[in-house]
Every structure is written in structure tokens, then in C-alpha cells.
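Participant: The task is simple: from the sequences and hints, build the whole structure.
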Amino acid sequence: MSSLSRELVFLILQFLDEEKFKETVHKLEQESGFYFNMKHFEDLVQGGEWDEVEKYLSGFTKVEDNRYSMKIFFEIRKQKYLEALDRHDRAKAVEILVKDLKVFASFNEELFKEITQLLTLENFRQNEQLSKYGDTKSARNIMLLELKKLIEANPLFRDKLNFPPFKASRLRTLINQSLNWQHQLCKNPRPNPDIKTLFTDHSCAAPTNGARAPPPANGPLVGSIPKSAGFPPMGAHAPFQPVVSPSPNAIAGWMTNANPSLPHAAVAQGPPGLVQAPNTAAFLKHPRTPTSAPGIDYQSADSEHLMKRMCVGQPDEVSFSGASHPANMYTQEDLPKQVVRTLNQGSNVMSLDFHPVQQTILLVGTNVGDIAVWEVGSRERIAHKTFKVWDIGSCTLPLQAALMKDAAISVNRCLWSPDGNILGVAFSKHIVQTYTFVPNGDLRQQAEIDAHIGGVNDIAFSHPNKTLSIITCGDDKLIKVWDAQTGQKQYTFEGHEAPVYSVCPHYKESIQFIFSTAIDGKIKAWLYDCLGSRVDYDAPGHWCTTMAYSADGTRLFSCGTSKEGDSHLVEWNETEGAIKRTYNGFRKRSLGVVQFDITRNRFLAAGDEFLVKFWDMDSTNILTTVDCDGGLPASPRLRFNREGSLLAVTTSDNGIKILANTDGQRLLRMLESRAFGGSRGPPQQINTKPPIVALGPVSNVSSPIAVNAERPDRMLPAVSTSGLAPMDASRTPDVKPRITDESEKVKTWKLADIVDNGHLRALHLSDTDTNPSKVVRLLYTNNGIALLALGSNAVHKLWKWQRSDRNPNGKSTASVAPQLWQPANGILMTNDTNDGNPEEATACIALSKNDSYVMSASGGKVSLFNMMTFKVMTTFMAPPPAATFLAFHPQDNNIIAIGMEDSTIQIYNVRIDDVKSKLKGHQKKITGLAFSQSMNVLVSSAASNQASDQPTR
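In the UniProt record's numbering, the protein residues as written are 1 to 953.
One thing to keep in mind: the hints can contain errors.
For lysine-lysine, the following DSSO-like pairs were computed, each having C-alpha atoms within a straight-line distance of at most 30 Å [claimed, not checked]:
id : residue 1 : residue 2
1  : Lys27     : Lys39
2  : Lys160    : Lys149
3  : Lys405    : Lys385
4  : Lys20     : Lys167
5  : Lys22     : Lys39
6  : Lys71     : Lys102
7  : Lys405    : Lys102
8  : Lys137    : Lys113
9  : Lys99     : Lys55
10 : Lys62     : Lys80
11 : Lys137    : Lys149
12 : Lys80     : Lys148
13 : Lys71     : Lys99
14 : Lys39     : Lys113
15 : Lys405    : Lys388
16 : Lys149    : Lys39
17 : Lys160    : Lys924
18 : Lys39     : Lys62
19 : Lys62     : Lys27
20 : Lys477    : Lys800
21 : Lys113    : Lys149
22 : Lys102    : Lys918
23 : Lys113    : Lys924
24 : Lys71     : Lys113
25 : Lys871    : Lys918
26 : Lys22     : Lys62
Have a look at the derived ranges for each label pair, beta carbon to beta carbon [stated by the list, open to error]:
id : residue 1 : residue 2 : range
27 : Asp65     : Arg666    : 44 to 52 Å
28 : Ala878    : Glu109    : 27 to 35 Å
29 : Lys918    : Leu121    : 22 to 30 Å
30 : Asp201    : Asp65     : 42 to 50 Å
31 : Glu509    : Thr582    : 43 to 51 Å
Keep in mind that the hints were calculated from the coordinates and are not lab data.
Please read these numbers as outputs of a predicted model, since none were measured by experiment.
Where a beta carbon is used, it is the ideal one built from N, C-alpha and C, also for glycine.
Facilitator: Here it is, written out as C-alpha cells:
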């Protein structure tokens with residue numbers, strides 16, 4: 001069903017509700033499955049209308065759809081069963097047990113047996129777990145709270161819980177507008193027409209005396225729309241409200257732009273936009289009508305001729321058919337959601353970009369400075385380059401000093417030029433390198449630019465002077481433009497007061513400009529005239545933001561994350577410099593800087609919450625999500641290919657997953673069947689959609705040659721400020737890289753033996769506490785730049801290595817002492833304790849993979865803290881028994897393994913406050929837990945020196 005047909009259903013729902021057809025409203029809600037009416041659902045549950053409850057739910061989900069749905073149906077049927085027992089209606093209880101509850105026996109046989117045993121009790125409250133069951137009303141209310149949580153967490157309900165916002169009586173208003181328009185097209189329009197039916201088009205009857213009725217006075221294109229309150233009832237034949245006829249030039253101009261003496265550009269200048277070109281009245285104007293179409297003089301033309309011009313033939317009619325509306329040519333089925341390839345890069349992927357022509361060629365940059373080119377169809381890595389400085393002698397002294405102190409370097413951004421012949425790479429230290437790409441897969445060195453002091457955070461291609469240029473930005477707060485062939489500097493833009501995070505070049509007609517964003521949240525725009533920034537706006541979130549245009553260049557979007565973890569995906573109104581639309585669907589605290597991309601001039605995609613989330617550009621509600629079969633980091637990087645048939649997504653195990661739609665799968669099958677040998681020519685293109693609406697590869701390009709300007713998708717480099725580090729765990733040093741190409745040499749890592757006291761260094765960490773306590777737990781953060789300690793007094797302390805002349809990268813080192821760090825609010829992370837002595841309790845602590853959260857316990861409840869603010873997010877698992885060991889799931893920070901002092905292990909979902917499972921097998925308290933990174937296995941140990949492996953499915 002097209003989106004217009006879907007909207008029509010909502011209009012009908014509103015109309016039925018206003019007309020008090022309540023039962024019909026809920027029947028349509030159920031049959032369409034578009035809107036889940038939570039209020040109606042609550043009324044049914046509180047009324048105990050269980051058959052109606054399940055019937056209404058059946059329009060949205062089935063028992064077997066997912067675990068959330070199964071839990072919803074189980075809770076409803078369990079409540080129905082308990083109420084029958086409470087009424088002592090044993091026969092009804094047995095019927096519910098056999099017909100409704102037995103379906104769950106195959107999933108949890110023990111639970112079904114326990115439910116069955118309730119039949120043997122005089123009062124089911126004798127069962128310990130049901131001892132607190134109150135009366136029927138309170139039990140239904142408690143269950144309803146649980147059901148609402150499950151429904152809100154269920155992905156099948158994600159875009160169905162909110163009714164779209166639009167004005168009252170909207171369907172009536174649209175019908176009035178249609179009748180107004182029909183009346184304007186009448187040959188003999190009457191001042192007070194009598195509307196007798198809506199089943200046929202309205203037409204005023206001809207005057208009986210043969211005279212033509214005078215037309216109403218000229219007015220705007222469409223007369224004033226009657227208010228919905230004044231619309232006559234459907235069965236009444238009240239006179240239609242008077243309308244005014246459109247002015248001659250209004251209709252003629254709207255249809256054909258007939259008046260050549262008034263060109264379209266001659267409009268009043270509106271408010272200044274994001275970019276204001278000098279001496280340009282309407283910088284960002286968009287022509288809406290053709291200028292070459294023949295005109296028509298409404299005053300002198302025969303009315304029949306005008307009718308033919310405006311109403312000729314059925315093909316031009318507007319209908320609700322999705323096929324006739326270009327913007328709705330694509331559906332969810334066009335989104336690449338099926339995992340078809342998995343590539344093992346061997347080190348953490350920092351940047352991705354598909355080739356603009358050969359759409360299965362993928363460029364990859366990593367956190368160890370490597371770049372690789374993959375042919376995803378054949379799963380072959382056709383090129384690989386490790387980082388090295390090509391000419392160290394020509395580098396500046398600051399770069400040479402930085403490389404001498406620390407040779408580690410990361411790729412911040414890599415992308416193709418618009419024609420795909422050149423690729424550019426921005427590194428975390430000073431340098432930009434460009435290569436020429438040969439069709440056989442060879443990469444040849446082209447230019448090396450010592451571009452910025454510090455990290456080069458982003459690059460983009462542009463054509464400001466009809467020659468290819470590279471735009472760079474960096475930690476030195478500058479934006480620079482370079483000749484892509486020679487590496488000669490062309491422009492420098494100054495004005496930002498913080499490291500520049502991203503650049504977005506674009507053009508409007510002949511005006512070329514650059515948007516830039518900095519980590520203080522400022523958005524600026526520059527023309528190629530070195531006269532300073534033209535605008536100064538604040539990005540939502542006031543931190544790391546990227547910007548991107550749709551491929552047709554008409555719509556501007558930005559996506560960013562604040563220091564507190566709040567993410568914002570918005571569309572901008574260019575002419576007003578204001579936010580036009582804000583998209584919903586991000587978690588309250590994103591676990592990293594969210595990355596996004598655009599495809600088909602229709603869809604937006606972002607990586608968040610270990611998922612890929614999709615939006616329709618014209619709807620603020622999330623369209624759908626995919627988990628890519630698991631294994632994604634909290635904020636995965638992603639990139640579409642040109643046609644939007646493939647989507648590359650980074651994984652948490654240093655790999656890349658390729659998702660495809662039907663067209664993408666067909667393309668890969670074709671390429672897989674052929675040998676990708678010595679001569680690698682461009683793969684055959686499959687054009688499955690009209691090129692006018694297919695989006696280009698969102699490459700970072702601005703010029704009349706390349707229509708499209710794309711946004712980078714990578715997190716802030718580690719060389720910016722230490723305060724950013726907790727948000728980005730992806731820059732942690734890799735374990736031994738796993739290289740799939742056996743022809744390449746693999747480094748052998750050898751652990752150093754400590755045989756002498758001289759191999760050891762000791763540091764004393766500063767602490768301002770006048771009553772220091774014993775350190776009971778100590779661990780490094782995952783990014784390796786901080787040390788977290790838990791004291792016997794249940795208080796946490798955090799020490800960070802700061803950037804300095806002796807430690808320019810801010811990494812952990814024994815040469816420089818870290819500094820005790822606290823947020824500006826001055827609060828401490830303090831665990832909940834029981835009534836006893838916290839020093840006697842077993843303390844435990846665990847960090848989330850991205851260092852954003854710490855989970856800890858000191859004999860009392862388990863506490864979850866935000867590492868940026870030290871605030872308590874939540875507490876859970878009150879003793880007894882107390883928690884003795886904690887572990888985060890490597891792919892999902894919401895899933896936590898909690899070892900208890902009673903020897904059990906509880907798998908707990910923080911998000912929905914629910915224990916998923918309880919594992920048994922030890923005899924004494926749990927002393928260790930570890931999740932496997934690749935297998936779905938949890939390994940545990942206990943004080944009895946046992947080790948056990950537990951599947952976590």
C-alpha cells in the first residue's frame with residue numbers, strides 16, 4: 001500500500017471517530033494494522049474482555065512473531081487463567097489451560113507444569129510467587145503496565161503507537177477543496193450552487209434562458225476553503241459556500257507560466273538563508289515552472305478551450321495510486337535489509353565509501369592507518385595499503401615530532417572522487433594522501449599533503465574552479481582547499497573557535513559554497529572568496545554534527561550527537577536557516593556519535609542502539625530497523641552504494657556486513673558467477689529504477705559536474721580533546737589483526753618477559769580525599785586513556801591521562817601521571833550499600849564497550865552510572881542475594897550477566913527491567929563471567945574453582 005493510501009486510512013479513521021462510529025474505528029485500526037490505539041487496548045484489558053483483547057492484537061502481531069509478542073499473549077492468557085481460578089471456575093480454568101496456555105509449553109515446559117499445578121491448590125495465592133496477587137482490578141492494572149512496556153519495546157509496534165498530527169476534520173476540508181476546484185471549472189458557475197451528491201463531479205446547470213451567468217469576481221488561485229464546521233452533512237443538500245474565481249494570470253501562470261514579461265526569478269527577496277550570496281537576490285531559489293511552455297490568455301480564451309487545457313484526459317488526474325506519485329515509487333522492500341556478505345577487515349573500520357561507478361567496489365579505512373579496496377561480489381580484497389609517510393623529509397617539524405613520539409595513526413575519512421579515478425584518505429595526524437585507482441585494482445600514489453596541525457577530521461571533493469579540488473578540515477580550527485592533482489593550497493578559511501569536525505561542499509546554480517561544523521556545535525558557511533563565514537548557526541546537540549544534501553541537491557540534512565548522548569537527525573529549511581523537520585527514534589542516550597547516510601532521494605539511515613534505523617524523508621517517525629543478524633557496535637558506521645541496493649555496515653569484530661535488497665542480491669549473484677581475474681573492468685550496471693530518482697553515492701563532492709554532496713560518517717578523532725574519549729570506544733588499540741589474505745605477512749605478537757626490576761615503572765595517583773579507602777577493584781577503560789577504581793567505601797575514582805607536551809596523544813603511559821577527573825557538577829559515583837559494612841561486601845564492576853556506562857555493586861543494589869556525568873541511570877537487583885560479578889554483553893549494552901552470591905547467574909535486560917533467564921550449575925558464589933566475542937556463549941567461574949560455559953541464547 002502506498003503512503004498516500006496509508007494516509008487516506010488515517011483520514012478515514014479521524015472522520016469515523018468524529019462521527020462517533022467507535023466500533024468501526026477500532027475494526028479499521030485492527031484490519032489495517034496502521035495504528036494501535038493504546039487507550040482502546042487499556043479499556044479492553046481493564047474490562048476483562050479477553051477475546052476482544054486478543055482479536056485486536058491479532059491485527060498487529062501473532063504469538064510466534066517474536067519474544068515480545070509471545071510474552072504479551074502469555075501475560076494476557078495467564079491473567080485470564082488466574083481470574084477463572086479466583087472465581088473457582090475450574091472448568092473454565094482447565095479450558096484456558098488446554099486451549100490457550102498449552103502453546104507455551106514447548107518454550108518453557110517447567111513453567112507450564114507450575115501453572116498446571118495451580119489447579120490443585122484451594123487458593124492459587126498459596127503459591128509463593130503469587131502470594132501478593134490482590135484483587136482482579138489491581139492485578140489487571142499491574143499487568144497493563146507490563147504490557148505497555150512490552151508493546152513499546154516490540155519493534156512491530158514501533159511506528160504504530162502515535163496517530164499522525166493533522167488538523168481536525170481534514171477529510172471534510174479536502175472534499176471542500178475538491179468541490180471548490182470543480183466549481184471553478186464550471187462553464188456556467190452559479191453564486192450559490194446546490195451540491196446534491198459526492199458520487200459524481202459537480203457541474204452547475206446551464207441557465208434556462210440561454211444567457212451566460214456572469215463569473216464571480218476574480219481572486220486568488222483557490223478560493224477560501226470553507227471551515228470544516230460549515231461543511232454540510234453528507235446527506236444534506238445545503239447550498240455550497242460561495243467561491244471566488246482565480247485571476248487570469250494566476251491560473252495561466254500556474255499551469256504554463258504564460259506571461260513572459262514576468263520571469264519566475266522576479267520575486268520578492270525572502271529572509272536570508274544559510275548562505276547569502278553577494279548581490280544575489282534569491283541565492284537558493286528553486287524554479288518551479290517551465291519557461292518555454294506556451295501561455296494562454298484566460299480573459300480572451302474560450303472557456304471550453306480552457307476546460308480542455310486543464311481537464312484533458314484521465315492520465316493527468318491525481319489519484320491515490322502509489323504508482324502515479326513519483327515520490328512514492330519506493331517501498332520498504334527497496335531498502336537493503338538482508339545480510340548477504342560478511343567481510344573480515346582485521347582491524348577496526350573507521351570509514352567506508354562505495355565506488356560511484358563500480359557499485360560493488362568498497363573503500364575501507366581502519367584505525368591502524370590501513371586502507372583496503374574490496375570487491376564485495378566476489379568477497380575479494382583487491383587492494384591493500386598500510387600507512388607510511390611517502391617523503392618524511394618534506395614533512396613539517398611538528399608532524400615529524402608527532403610521528404617520533406607515537407607512530408600510531410588512524411584513518412579518519414576515506415572517499416572516492418566523483419568519477420572514481422582518485423581516492424582521498426584523511427589521517428589522525430596532519431596528513432592527507434591521494435591515490436589513483438586503476439581498474440585492475442592497483443592503487444598508485446598521487447599526492448601527499450601535510451594539511452593540518454593535529455588530526456585531519458574530514459575531506460571532501462569539489463570543483464570550485466572547474467578543476468578537481470580537495471577540501472580538508474582539522475583540529476587546528478581551519479578549513480583548507482587543495483588542488484587534487486598537485487597538492488597545492490588554494491584557499492584557507494578561518495573563523496571556527498573549535499576543531500572543525502566535518503565539511504559539506506555544495507552549489508546552487510553557479511554559486512559554490514561549503515558548510516562546516518565544529519565540535520562546539522557551530523555551523524558556518526563559506527564562499528570561495530576568503531571573506532569570512534556567511535552564517536553562524538548552532539547545530540542541535542551543540543557537538544559533533546555532519547551535514548548532507550540529497551542527491552538532487554534540493555534537501556539538506558544533518559545528524560549529530562551531544563556530549564550527553566542525545567542524537568538529532570533533522571532536515572533544514574535553507575531559505576530560513578531553520579530546522580524544518582526533526583526525526584524521532586533515537587535512544588535517550590546514544591552510545592556514541594551517530595552516523596547517517598541518504599539514498600534514493602527518499603530514505604535516511606543511521607546506526608544507533610546496535611541497529612540500523614531507517615526513515616522516510618517525509619515522515620518523522622522511524623520506518624523500520626534491522627539488527628543485521630547481530631554483531632553490530634553501539635553506533636555502527638554505514639554507507640549506501642549509488643543505487644541504494646547495497647548497504648555496508650561495520651561490525652564489532654573488525655568486519656563489515658553487506659546488506660542488499662532484491663536488486664542488490666541479483667547484482668551480487670551475477671558477479672559471483674564470474675571470475676574476477678587479472679583484468680578487472682567495471683561490473684555491468686543494473687538500472688532497476690529511473691535515473692531521475694536514483695540517488696548518487698552521496699560522495700563528498702560539490703560542483704555542477706557532480707550533483708551530490710555527501711557527509712562523512714566517522715567519529716571525532718582521538719587527537720581532539722580528552723573529554724570526547726568516553727563517547728568513542730572504536731579507537732581502542734586492536735588485538736592482533738586477522739588478515740584473510742594468506743599471501744600477506746602476518747605479524748607475530750610476542751609477549752615480553754619481565755625479568756628485571758628495571759622493566760617496571762611505579763606511579764602514585766593523586767587523590768584529594770582526606771579519608772582514602774582501600775582499592776578493591778581496578779580496571780582500564782576500553783579506550784586505554786583512563787583508569788577506574790572502586791574503593792571499599794563504595795566510591796569510584798577516575799583518573800585520565802591528559803594531553804601535554806610529554807604525552808601529546810593523551811594515552812596511558814608510565815612516564816606521565818594521570819589526573820583525578822570529576823564532572824563539573826562535582827558529584828561522586830557512589831554505590832548503594834546494605835546495612836552492613838561495605839568493606840566486607842564483595843565488590844564488582846564492569847564497563848560498557850564504549851566506556852559510556854559503568855555498572856557496579858558493593859553489596860547493595862547494582863548501580864548503572866553515566867561515565868560523562870557520574871549520574872545514576874538506574875539501580876536494580878536488591879539483595880539478598882548480592883551481586884558478586886558483572887559483565888556487559890559485547891553486542892548489546894542492555895543485556896547484562898550478573899553473578900550472585902547464591903551461585904546463580906541472572907541474564908538481565910536493563911531496558912525493559914526484566915530477567916531473561918536464570919542460570920544454575922555452581923555451588924558457591926560467582927567469581928568470574930566472560931562473554932565470547934564471536935560465539936553465543938557465557939563462561940563463568942565460582943569460588944569452588946569450577947568453570948562452566950553457558951549458552952546465552
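Participant: Are the hints correct? Go through all of them and say.
Facilitator: Tested hints:
1. Our distance criterion of 30 Å between C-alpha atoms is met by lysine 27 and lysine 39, whose separation comes to about 14 Å.
2. Distance hint between lysine 160 and lysine 149 is fulfilled; the C-alpha atoms sit about 14 Å from each other, no more than 30 Å.
3. A threshold of 30 Å between alpha carbons decides the hint, and for lysine 405 with lysine 385 the separation of about 23 Å falls inside it, so the pair holds.
4. For a cut-off of 30 Å, the pair hint linking lysine 20 to lysine 167 stands: about 17 Å separates their Cα positions.
5. A distance of roughly 13 Å separates the Cα atoms of lysine 22 and lysine 39; the hinted pair therefore holds under the 30 Å criterion.
6. Restraint check for lysine 71 and lysine 102: satisfied, since their Cα atoms lie roughly 14 Å apart, inside the 30 Å limit.
7. In summary, the hint linking lysine 405 to lysine 102 is not supported, as the alpha carbons are separated by about 68 Å, beyond the 30 Å threshold.
8. Simply put, lysine 137 and lysine 113 have alpha-carbon atoms about 26 Å apart, close enough for the 30 Å limit, and the pair holds.
9. Our distance criterion of 30 Å between C-alpha atoms is met by lysine 99 and lysine 55, whose separation comes to about 15 Å.
10. With a C-alpha separation of about 18 Å, the suggested pairing of lysine 62 with lysine 80 holds against the 30 Å cut-off.
11. At roughly 19 Å between alpha-carbon atoms, lysine 137 and lysine 149 fall within 30 Å of each other, so this suggested pair holds.
12. For a cut-off of 30 Å, the pair hint linking lysine 80 to lysine 148 stands: about 17 Å separates their Cα positions.
13. In summary, the hint linking lysine 71 to lysine 99 is supported, as the alpha carbons are separated by about 17 Å, within the 30 Å threshold.
14. For the suggested pair lysine 39 and lysine 113, the alpha carbons sit about 34 Å apart, so the restraint of at most 30 Å is broken.
15. A threshold of 30 Å between alpha carbons decides the hint, and for lysine 405 with lysine 388 the separation of about 15 Å falls inside it, so the pair holds.
16. At roughly 14 Å between alpha-carbon atoms, lysine 149 and lysine 39 fall within 30 Å of each other, so this suggested pair holds.
17. Proximity of lysine 160 to lysine 924 is assessed by CA-CA distance (about 47 Å); at most 30 Å being required, the pair is judged violated.
18. Of the supplied pair hints, the one linking lysine 39 and lysine 62 holds, its CA atoms being roughly 20 Å apart against a limit of 30 Å.
19. Between lysine 62 and lysine 27 the alpha-carbon distance is near 17 Å, which keeps this suggested pair within the 30 Å criterion.
20. Between lysine 477 and lysine 800 the alpha-carbon distance is near 24 Å, which keeps this suggested pair within the 30 Å criterion.
21. For a cut-off of 30 Å, the pair hint linking lysine 113 to lysine 149 stands: about 27 Å separates their Cα positions.
22. A distance of roughly 22 Å separates the Cα atoms of lysine 102 and lysine 918; the hinted pair therefore holds under the 30 Å criterion.
23. Our distance criterion of 30 Å between C-alpha atoms is met by lysine 113 and lysine 924, whose separation comes to about 28 Å.
24. For a cut-off of 30 Å, the pair hint linking lysine 71 to lysine 113 stands: about 17 Å separates their Cα positions.
25. A threshold of 30 Å between alpha carbons decides the hint, and for lysine 871 with lysine 918 the separation of about 29 Å falls inside it, so the pair holds.
26. Annotation: proposed proximity of lysine 22 to lysine 62 holds, straight-line Cα distance about 24 Å (limit 30 Å).
27. Distance hint check: the CB atoms of aspartate 65 and arginine 666 are about 29 Å apart, inconsistent with the given range 44 to 52 Å.
28. Alanine 878 and glutamate 109 have their C-beta atoms about 30 Å apart, which keeps the hinted 27 to 35 Å range intact.
29. As the Cβ distance of lysine 918 to leucine 121 is approximately 24 Å, the hint placing it in 22 to 30 Å holds.
30. Evaluation of the 42 to 50 Å hint for aspartate 201 and aspartate 65 yields a pass: the beta carbon distance comes to about 45 Å.
31. Judged by the Cβ atoms, the range 43 to 51 Å given for glutamate 509 and threonine 582 is violated: they are separated by roughly 29 Å.
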